[in-house]
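Asker: Residue-level listing of the chains:
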Amino acid sequence: MEYQTIRYGEPFQIRRRLGNLFKDIVRIKGVEYERGKGFIVRDYYALTNLNKILIRMGLILTPMVKCVICDKNIECEKCSFTDVCLKDVTTCLCDECLYSDDVVEKYLSTSRGYFEDFRRSI
Amino acid sequence: MNWTEKYRPKTISEVIGNELSKKRLVEWLNNWRFSKKLGALLIGPPGIGKTATVYALASDFGYHVIELNASDYRTANKIIEKVGFIAYENTLESYISGKTKKVLIFFDEIDGIDPKEDRGGLDAVIKISSKKAVPVIASANFIDPIKHKILLDNFEVIEFRKLTPKQIYIIIKRISELEKLDLDDDTLIEISRRSMGDARLAINILYTVHVGGDINVILNPFENMPIDVLLRRISSLSNQQEIKTLLDSNSNHWEDVLYIYFDIITRSPVIKPDRRANLLEHISILDMINGMIKRNRAYFLMKYFSAILSWIVYQSNRWGAVYDGRIPEYRLYTYVLNKDIRVELEELLNKYGNRLHESKRKFFFESLLVAVLSNPKYENLLNWTLKIYGLDDKLKVVKKYGVSND
Chain S
1 MEYQTIRYGE
11 PFQIRRRLGN
21 LFKDIVRIKG
31 VEYERGKGFI
41 VRDYYALTNL
51 NKILIRMGLI
61 LTPMVKCVIC
71 DKNIECEKCS
81 FTDVCLKDVT
91 TCLCDECLYS
101 DDVVEKYLST
111 SRGYFEDFRR
121 SI
Chain Z
1 MNWTEKYRPK
11 TISEVIGNEL
21 SKKRLVEWLN
31 NWRFSKKLGA
41 LLIGPPGIGK
51 TATVYALASD
61 FGYHVIELNA
71 SDYRTANKII
81 EKVGFIAYEN
91 TLESYISGKT
101 KKVLIFFDEI
111 DGIDPKEDRG
121 GLDAVIKISS
131 KKAVPVIASA
141 NFIDPIKHKI
151 LLDNFEVIEF
161 RKLTPKQIYI
171 IIKRISELEK
181 LDLDDDTLIE
191 ISRRSMGDAR
201 LAINILYTVH
211 VGGDINVILN
221 PFENMPIDVL
231 LRRISSLSNQ
241 QEIKTLLDSN
251 SNHWEDVLYI
261 YFDIITRSPV
271 IKPDRRANLL
281 EHISILDMIN
291 GMIKRNRAYF
301 LMKYFSAILS
311 WIVYQSNRWG
321 AVYDGRIPEY
331 RLYTYVLNKD
341 IRVELEELLN
351 KYGNRLHESK
361 RKFFFESLLV
371 AVLSNPKYEN
381 LLNWTLKIYG
391 LDDKLKVVKK
401 YGVSND
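Note that the protein sequences, when read in sequence, are chains S and Z. This note's numbering puts the first residue of the first sequence at 1, with every later residue one more than the last. This note's numbering puts the first residue of the second sequence at 1, with every later residue one more than the last.
In short, the hints are calculated from the structure, not lab data. Every residue gets a Cβ at the ideal spot worked out from N, C-alpha and C, and that includes glycine. Watch out, some of these pointers could steer you wrong.
Said to hold, decoys possible - Derived BS3-like pairs: lysine-lysine, alpha-carbon spacing no greater than 25 angstroms straight-line: (1) Z:Lys272 / S:Lys23; (2) S:Lys29 / Z:Lys147; (3) Z:Lys149 / Z:Lys127; (4) Z:Lys23 / S:Lys37; (5) Z:Lys272 / S:Lys29; (6) S:Lys29 / Z:Lys180; (7) Z:Lys10 / Z:Lys180; (8) Z:Lys23 / Z:Lys82; (9) Z:Lys272 / Z:Lys294; (10) S:Lys106 / Z:Lys127; (11) Z:Lys147 / Z:Lys180; (12) Z:Lys23 / S:Lys106; (13) Z:Lys36 / Z:Lys10; (14) Z:Lys36 / Z:Lys180; (15) Z:Lys82 / Z:Lys180; (16) Z:Lys180 / Z:Lys37; (17) S:Lys23 / S:Lys37; (18) S:Lys29 / Z:Lys6; (19) S:Lys72 / Z:Lys23; (20) Z:Lys37 / S:Lys29; (21) Z:Lys10 / Z:Lys102; (22) S:Lys78 / S:Lys37; (23) Z:Lys180 / S:Lys106; (24) Z:Lys78 / Z:Lys127; (25) S:Lys106 / Z:Lys10; (26) Z:Lys37 / Z:Lys149; (27) Z:Lys37 / Z:Lys102.
To be verified - Residues of chain S placed beyond 12 angstroms of chain Z at every Cβ, according to the derived structure: (28) Met1; (29) Glu2; (30) Tyr3; (31) Thr5; (32) Pro11; (33) Gly19; (34) Arg35; (35) Gly36; (36) Gly38; (37) Gly58.
Stated by the list, open to error - Pair by pair, the computed Cβ-Cβ distance ranges are: (38) Z:Gly84 / S:Glu75: 47 to 55 angstroms; (39) Z:Ile150 / S:Arg27: 23 to 31 angstroms; (40) Z:Glu281 / S:Arg15: 32 to 40 angstroms.
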């Protein structure tokens, strides 16, 4: 079984010849295909459905979400909250950032910076 | 003061979670006058920051919010009475001359307005929004694609999702720091685990714990889940016992789960025909058990219902037919697909009833009886029945006009 890491909301190519399965994949809610770029998975549940198809070809896509503070990849399946989390997000927090002392201030300043940049751009 | 009010975010950057949705809302508000859509519609479960986002955004952009809750203002008259004047005062002319009032209209819980019972309520919302005098934002927990089609067509739909336990942790840690609470990290983590993505619930649990409540008796996070959350969770599980435990904690949704899985199994492209037949056979058994429970109040059958339902979900997941996130499927099945069949049947009965000069009801039952008994298997029974009821002619009529044996 081969594992391929992907990030939600970012395009990627599937390392398999899909043939007729292409139609089934693009029919999944939350999975899009952009010509020239590849597939984009919007949420965790779309990925679960996608993996149900890809597993037959020996491929499993492993989801990663982005840490809001340090931009590091976080693997949902290895998170300590995986049993109670709905995983319906594109951004979260890594364990190092979460358990640091000034996590609230870091989170708010990142968010503040992000929205100020965004407001300036529009 | 209630902590959910006291620590309501003041600016958009203080709202934790749903980053993409917030960004889309800011983009929309920046360009609302030139947007093709009449307003923004925020959809998501309760307690995840929809209302907080609207107030924070209004504060950031300098808007004054006029809030209407659908539980108070439901009819067209009341809505227009409350906010109609703003729509007529702030015209394009006043916008160009710079004399507009910076007001934002917010319809909270708009899904509470029923298009049939609250006549004109939704039309009034559309009418006010179409003036484009002030930005209009609405929020809803669950939108029915049929009932609220007018909203989905005219409003920019922005989906808000449940928060992760880590995001909840940030919210309650911030409150705990500001209130200088003497709570350790383990308690905060336990609260964020139990809140199931609901920030309001987490804050209320935090308050309860702060005033001396025991966290262990507050609630079981897996009980009484919303139907979409339950479906997503059971379709991602691969252990039958876990599925059964989850279903047992949410017995109010058993019937919904049954119908939705019937729908999923029927139209899944990946499941093999023999497996599909097997699952559908079990679903039909379950439907009978459900009927018995309801009709005869045979509640002792519920344990069998739960066991078979969990088996169906487990096998269905294993064979690739999983819930794909379309919330109102069973509604579509009940209201739309059956509606087509009903309309077709109505037309058929009208046609035959008129030709035979009989009431629709009488013709329906007689033709149904003949159609069922026309099966060669029941030939003797058919002859006997026809003789008794004098329906020999009806058989010819049914065959002539093409009602099949099915």
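Asker: Are the hints correct? Go through all of them and say.
Answerer: A quick look at each hint next to the structure:
1. Z:Lys272 / S:Lys23: 17 angstroms, holds
2. S:Lys29 / Z:Lys147: 22 angstroms, holds
3. Z:Lys149 / Z:Lys127: 15 angstroms, holds
4. Z:Lys23 / S:Lys37: With Cα atoms ~23 angstroms apart, Z:Lys23 and S:Lys37 stay inside 25 angstroms; holds.
5. Z:Lys272 / S:Lys29: 21 angstroms, holds
6. S:Lys29 / Z:Lys180: 45 angstroms, violated
7. Z:Lys10 / Z:Lys180: 20 angstroms, holds
8. Z:Lys23 / Z:Lys82: It is violated: about 30 angstroms lies between the C-alpha atoms, which goes past 25 angstroms.
9. Z:Lys272 / Z:Lys294: 33 angstroms, violated
10. S:Lys106 / Z:Lys127: 44 angstroms, violated
11. Z:Lys147 / Z:Lys180: Since the Cα atoms of Z:Lys147 and Z:Lys180 sit roughly 47 angstroms apart, the hinted pair is violated (cutoff 25 angstroms).
12. Z:Lys23 / S:Lys106: 19 angstroms, holds
13. Z:Lys36 / Z:Lys10: Given that 25 angstroms is the threshold and the Cα spacing comes to 29 angstroms, the pair is violated.
14. Z:Lys36 / Z:Lys180: 48 angstroms, violated
15. Z:Lys82 / Z:Lys180: 42 angstroms, violated
16. Z:Lys180 / Z:Lys37: Violated: Z:Lys180 and Z:Lys37 sit about 45 angstroms apart, past 25 angstroms.
17. S:Lys23 / S:Lys37: At roughly 17 angstroms apart (the allowed maximum being 25 angstroms), S:Lys37 and S:Lys23 satisfy the hint.
18. S:Lys29 / Z:Lys6: 39 angstroms, violated
19. S:Lys72 / Z:Lys23: With a Cα-Cα distance of about 21 angstroms, the restraint between S:Lys72 and Z:Lys23 holds, given a limit of 25 angstroms.
20. Z:Lys37 / S:Lys29: 23 angstroms, holds
21. Z:Lys10 / Z:Lys102: OK: Z:Lys10 and Z:Lys102 at ~18 angstroms, within 25 angstroms.
22. S:Lys78 / S:Lys37: 28 angstroms, violated
23. Z:Lys180 / S:Lys106: 19 angstroms, holds
24. Z:Lys78 / Z:Lys127: Holds, at roughly 13 angstroms.
25. S:Lys106 / Z:Lys10: 17 angstroms, holds
26. Z:Lys37 / Z:Lys149: 14 angstroms, holds
27. Z:Lys37 / Z:Lys102: 19 angstroms, holds
28. Met1: 15 angstroms, holds
29. Glu2: Consistent with the label, S:Glu2 stays out of reach of chain Z, its closest Cβ about 19 angstroms off (over 12 angstroms).
30. Tyr3: 17 angstroms, holds
31. Thr5: S:Thr5 is indeed farther than 12 angstroms from all Cβ atoms of chain Z, at 19 angstroms.
32. Pro11: Nearest chain Z Cβ is 16 angstroms from S:Pro11, so the label holds.
33. Gly19: 14 angstroms, holds
34. Arg35: 23 angstroms, holds
35. Gly36: 23 angstroms, holds
36. Gly38: About 20 angstroms separates S:Gly38 from the closest Cβ of chain Z, which puts it past 12 angstroms; holds.
37. Gly58: The assertion about S:Gly58 holds, with a minimum of 15 angstroms to chain Z.
38. Z:Gly84 / S:Glu75: 47 to 55 angstroms: 53 angstroms, holds
39. Z:Ile150 / S:Arg27: 23 to 31 angstroms: At 27 angstroms between Cβs, range holds.
40. Z:Glu281 / S:Arg15: 32 to 40 angstroms: 39 angstroms, holds
Violated hints, listed in ascending order, are 6, 8, 9, 10, 11, 13, 14, 15, 16, 18 and 22; each of the other numbered hints is respected by the structure.
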